[in-house]
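Protein sequence lines, in the order shown, are assigned to chains B and Y.
Under this note's numbering, the first residue of the first sequence is numbered 41, with each subsequent residue one higher.
Under this note's numbering, the first residue of the second sequence is numbered 40, with each subsequent residue one higher.
It is worth saying that the hints were derived from the structure and are not from the lab.
Warning: the hint list may mix true and false statements.
DSSO-like cross-link-like pairs, simulated, lysine-lysine; straight-line CA separation at most 30 Å [what the hints assert, rightly or not]:
(1) Y:K384 to B:K112
(2) Y:K384 to B:K115
(3) Y:K208 to Y:K225
(4) Y:K356 to B:K54
(5) Y:K91 to Y:K356
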Amino acid sequence: MMMKEHILFADLIKGLSITIKKFFGPSVTLHYPIERRETPERMRFLHKLVLNSAGRPKCIACGFCERICPPKCIKITRGKREDGKIGLTGYELDIGRCIFCGLCVEVCPEEAISMTDIYELATYNRAEAVYTMDRLVRDVPEKREEEG
Amino acid sequence: MNSVEETRRVEINMGPQHPSTHGVGRFILTLNGEIIEDVKPVCGYLHRGLEKLAENMTYQQFMPIVDRLDYVASMNNDLAYCLAVEKLLGMEVPERAEYIRVIVAELGRIASHLIWLGTMALDIGALTPFFYTFRDRETIYDMFEEICGARLMYNYVRIGGVAKDITPKFMEMLKHFLDTFPRLMKETDGLLTKNRIWMRRTKDVGVISYDDAINWGLSGPSLRGSGVNWDLRKNRPYGIYPSLEFDVPYFPEGDVYARYLVRLEEINQSVRILRQCVEKIPAGEYMNPESPFVRPMKKPKEGIALKDFVLQIRGVKMPVGEIYFGAENPKGELGFYIVSDGAGKPYRMKIRTPSFVHVFALPKIVKGGLVADIVSVISSLDFVFGEVDR
Ligand code: SF4
Ligand code: SF4
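In isolation and in its complexed conformation, chain B is listed as follows (with noise of 0.2 Å):
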């Protein structure tokens, strides 16, 4: 029996000895959200709907990335713009049902939709995940800011 427990604190020793040695080493973990992880260029989030010299979305209203996401999260309406071509007037994305495919971006016939790294995408309810053609346009800058 003595002999037995002599062995198993062999075992603790060993075991302590690694914690130890990590103790002194180099932390793995990150202070988040004080620091935050660099992302690297192809993160795929939250989207993002690109302008043209115009100033106007890119978007064609082709519905292209509507028929292709899976979980079918993208509604496009085409009608009337103000300017009275017929076009795309509104483009609404629930983030609350997005899988983060990508399948919509790679699909686009007009590179009119990327994708960002901002993944802080959490909100109070429901109806905020629902992201419209306004706020993909204006409240997605193109890259996460730095926040100081």
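The hints should help you fit chain Y with the ligands onto chain B, whose structure is shown.
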């Protein structure tokens, strides 16, 4: 009135919110004192109807859904699905893409085994390895994030190749990982493999014999833990696996400890495969340009043709036929059985998941054992409920 004999039997609900059932699994245990007399696995708590969903989606659309089967090894699921659809199409994949696929699949295998190792140690009572394995897993996820932009649901391997080429930064990270990881793994190995408590909790526990393992349809590491030398990468080779050197570890004991050793050795073998891939990876295309799933209308200047609309509405036309393809996933054999009637959507898709089979082999393994051991047996079979219920 009940006799003494009967009153001693207790039925216990293990799950669906039990921390060590790895998801939302439920097991109804019938106990006689400390002895398990019967186990009834109850599944369906995570049922999302993926097979039915597939019938209403184009092959491309189903891609991100496949990620959600075994959510700790999404890359491998993607690969298995793509290989199945490519088999139906009879499509070739460029060599560079094959190498990239093997790299991400083996990284996925390591990540999955690391999660398994951490959680199994946690279940048995060793808290420390959990943190170390999750640290290394994070490194792998950072690499995946670099190439495809997502940490868990990649949607990266595509029909005909991969979605994007790997970046030089990814290669750097991979080389760094291959240099440091084996040393870190040795630490975890040192903490557990020869540990007395660990050995007592796992040796001769949850034994399943060679014949039973085959008859119950086990696959992957759980099968090899019973001494069966069967690995789909070797026995029904796909991709570039035949040109790579690696061993298939198997141990004849059939207990939890044997399954543990198999997975540990598989991690080392995956590192070996990765080293060869880093050396051999050729330049070239990362996607078959003839694949009908390549973004066909990515030419803004030319406008959208009618055929693009048709393609979007109907999906890519597939050949008529039935195929089955099984790939070696970290958990076992993940198979897709696709029946195509020539439309852009599968007529029927059956998904053969290893976890489902393993869950229902559990009664066979734990009957007659001690109730304290069921947790380690559950961990050693390594099932994920996203896959059990699909
Ligand atoms: S990322 Fe995927 S789920 Fe989200 S809107 Fe685009 S297609 Fe739909
Ligand atoms: S695919 Fe592009 S152009 Fe077509 S509706 Fe969607 S965002 Fe607009």
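Worksheet item: For which of the previously enumerated hints does the structure constitute a violation, in increasing order of number?
Response: Violated hint (a single one): 4; every other hint is consistent with the structure.
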